[in-house]
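Number of protein chains: 2
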Amino acid sequence: MKISNAIEQTKEIVNGVDVDHIMDMINAIETDPDYAKFQWRATNKWINGGLSQSKIKDFYAGNAEDKIRKKTFTLNADEPVFAAGQDSAPNPMEYLLHALATCLTGTLVYHAAVRGIEIEAVESSYTGNMDVRGLFGLSKDIRSGFQQVTVYMRVKSEVSIEELTEMALYSPVYDIVSQSSPVDFKLTTY
Amino acid sequence: MKISNAIEQTKEIVNGVDVDHIMDMINAIETDPDYAKFQWRATNKWINGGLSQSKIKDFYAGNAEDKIRKKTFTLNADEPVFAAGQDSAPNPMEYLLHALATCLTGTLVYHAAVRGIEIEAVESSYTGNMDVRGLFGLSKDIRSGFQQVTVYMRVKSEVSIEELTEMALYSPVYDIVSQSSPVDFKLTTY
Chain A
1 MKISNAIEQT
11 KEIVNGVDVD
21 HIMDMINAIE
31 TDPDYAKFQW
41 RATNKWINGG
51 LSQSKIKDFY
61 AGNAEDKIRK
71 KTFTLNADEP
81 VFAAGQDSAP
91 NPMEYLLHAL
101 ATCLTGTLVY
111 HAAVRGIEIE
121 AVESSYTGNM
131 DVRGLFGLSK
141 DIRSGFQQVT
151 VYMRVKSEVS
161 IEELTEMALY
171 SPVYDIVSQS
181 SPVDFKLTTY
Chain B
1 MKISNAIEQT
11 KEIVNGVDVD
21 HIMDMINAIE
31 TDPDYAKFQW
41 RATNKWINGG
51 LSQSKIKDFY
61 AGNAEDKIRK
71 KTFTLNADEP
81 VFAAGQDSAP
91 NPMEYLLHAL
101 ATCLTGTLVY
111 HAAVRGIEIE
121 AVESSYTGNM
131 DVRGLFGLSK
141 DIRSGFQQVT
151 VYMRVKSEVS
161 IEELTEMALY
171 SPVYDIVSQS
181 SPVDFKLTTY
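So the sequences go chain by chain: A and B.
Going by our numbering, the residue at position 60 of the first sequence is 60; the numbering climbs one at a time, nothing skipped.
Going by our numbering, the residue at position 41 of the second sequence is 41; the numbering climbs one at a time, nothing skipped.
Check each hint, because a few of them may be wrong.
[Unchecked claim] List time: in silico DSS-like cross-link candidates among lysine-lysine, alpha-carbon distance up to 27 Å:
no., chain 1, residue 1, chain 2, residue 2
1, A, K57, B, K156
2, A, K67, A, K57
3, B, K55, A, K57
4, A, K55, B, K140
5, A, K45, B, K71
6, A, K156, B, K45
7, A, K45, A, K57
8, A, K156, B, K70
9, A, K156, B, K67
10, A, K140, A, K156
11, A, K37, A, K57
12, A, K67, A, K140
13, B, K55, A, K45
14, B, K55, A, K55
15, B, K186, B, K156
16, B, K55, B, K186
17, A, K71, B, K67
18, B, K55, A, K140
19, B, K37, A, K71
20, B, K140, A, K45
21, A, K45, B, K186
22, B, K55, B, K45
23, A, K37, B, K140
24, B, K70, A, K186
25, A, K156, B, K156
26, A, K156, A, K45
27, B, K71, B, K55
28, B, K156, B, K140
[As the list claims (entries may be wrong)] Listed next, the stretches of chain A that the computed footprint assigns to chain B, with coverage defined by at least 3 CB atoms under 8 Å from CB atoms of chain B:
no., stretch
29, 18–32
30, 86–94
31, 98–112
32, 137–144
33, 167–180
Note that these hints are calculated values from the structure, not bench results.
Bear in mind the structure is a predicted one, so any value in this text is a computation, not a measurement.
We put the CB at the ideal spot given by N, CA and C, even for glycine.
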């Protein structure tokens, strides 16, 4: 496996990633598979109309609650004026594309670092097409989500397009969007 | 259809949503289905390590490029220190949960507004479980994405849990995460 082979090859920072840190994580996982169980979290509160606010801080990883992150991240989403919002923040569909973008990019950069491959630049663009008749409940035959997502990524690196693609597509958000994840939705009232 | 029935019932702002504005959109779609075709967009540029930055502004909706939104939204994602990042921003998995949270909340609030149902409060929490052996390529049998997403939503409203749930689950991001969307990924080099 290339990741394990890279242990002897890389001892330094590659692409801004501390490869020793990642190798320590991999060694911990190989000793104890439970170390690999991560849980990411968010809470959200509706403000008004299309505006709501999420708080993000705690997560579970490496058999423990993280104690290093001190800051709580606060994120708003809103709808554009076109869709009866105030245009004060990106909307949920745009955040989904941002999640996909940053995940594909970060995954490529980390995998390359562990393999000792230098990445000089990554730029990418994302489109998501939807037909809002699904969202509005105007047609049962039209889904509410994206009918098509298209990604163009441009990478400056010595290695092949095939290896770059293989590394990027380890992306968890790519996996979720293209393959789905089970969602358990429970709603209660006050 | 409840959305159409609501035309005569609501003429005002409900839940902070301009229902007349939404009804105008629905009328435009019923006249011309192409009006319902939306395209959301993002571009992303890698900065260093786990840090990358997205820009979000333009979108297509209602047979035209939007001309109302003037601001470009800039969003960063980073990895936590635990995962060899700088903890300067939420990570992609957390952004995905934020997209899901804001989409479920906004969808519920908008559908309720069109039906003339008052929503007094919405709070929700999200967890996404993953096993990073998939992401790290340490096991071919383990997926890289979330193995389970769990949502708890609490709503203050007069109507039933069933109707509230039915309205929230029109959410496009819920549809994408729970059902998948086709992703066309094209990578080129410089």
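Hints and how they fare:
no.: 1; hint: K57/A x K156/B; in the structure: holds (26 Å)
no.: 2; hint: K67/A x K57/A; in the structure: holds (10 Å)
no.: 3; hint: K55/B x K57/A; in the structure: holds (23 Å)
no.: 4; hint: K55/A x K140/B; in the structure: violated (33 Å)
no.: 5; hint: K45/A x K71/B; in the structure: holds (24 Å)
no.: 6; hint: K156/A x K45/B; in the structure: holds (12 Å)
no.: 7; hint: K45/A x K57/A; in the structure: holds (15 Å)
no.: 8; hint: K156/A x K70/B; in the structure: violated (32 Å)
no.: 9; hint: K156/A x K67/B; in the structure: violated (34 Å)
no.: 10; hint: K140/A x K156/A; in the structure: violated (44 Å)
no.: 11; hint: K37/A x K57/A; in the structure: holds (17 Å)
no.: 12; hint: K67/A x K140/A; in the structure: violated (46 Å)
no.: 13; hint: K55/B x K45/A; in the structure: holds (25 Å)
no.: 14; hint: K55/B x K55/A; in the structure: holds (21 Å)
no.: 15; hint: K186/B x K156/B; in the structure: violated (45 Å)
no.: 16; hint: K55/B x K186/B; in the structure: holds (19 Å)
no.: 17; hint: K71/A x K67/B; in the structure: violated (36 Å)
no.: 18; hint: K55/B x K140/A; in the structure: violated (33 Å)
no.: 19; hint: K37/B x K71/A; in the structure: violated (39 Å)
no.: 20; hint: K140/B x K45/A; in the structure: violated (38 Å)
no.: 21; hint: K45/A x K186/B; in the structure: violated (37 Å)
no.: 22; hint: K55/B x K45/B; in the structure: holds (9 Å)
no.: 23; hint: K37/A x K140/B; in the structure: holds (16 Å)
no.: 24; hint: K70/B x K186/A; in the structure: violated (37 Å)
no.: 25; hint: K156/A x K156/B; in the structure: violated (51 Å)
no.: 26; hint: K156/A x K45/A; in the structure: violated (41 Å)
no.: 27; hint: K71/B x K55/B; in the structure: holds (10 Å)
no.: 28; hint: K156/B x K140/B; in the structure: violated (44 Å)
no.: 29; hint: 18–32; in the structure: holds (count 7)
no.: 30; hint: 86–94; in the structure: holds (count 7)
no.: 31; hint: 98–112; in the structure: holds (count 13)
no.: 32; hint: 137–144; in the structure: holds (count 4)
no.: 33; hint: 167–180; in the structure: holds (count 13)
The structure is inconsistent with the numbered hints 4, 8, 9, 10, 12, 15, 17, 18, 19, 20, 21, 24, 25, 26, 28, although it conforms to all the rest.
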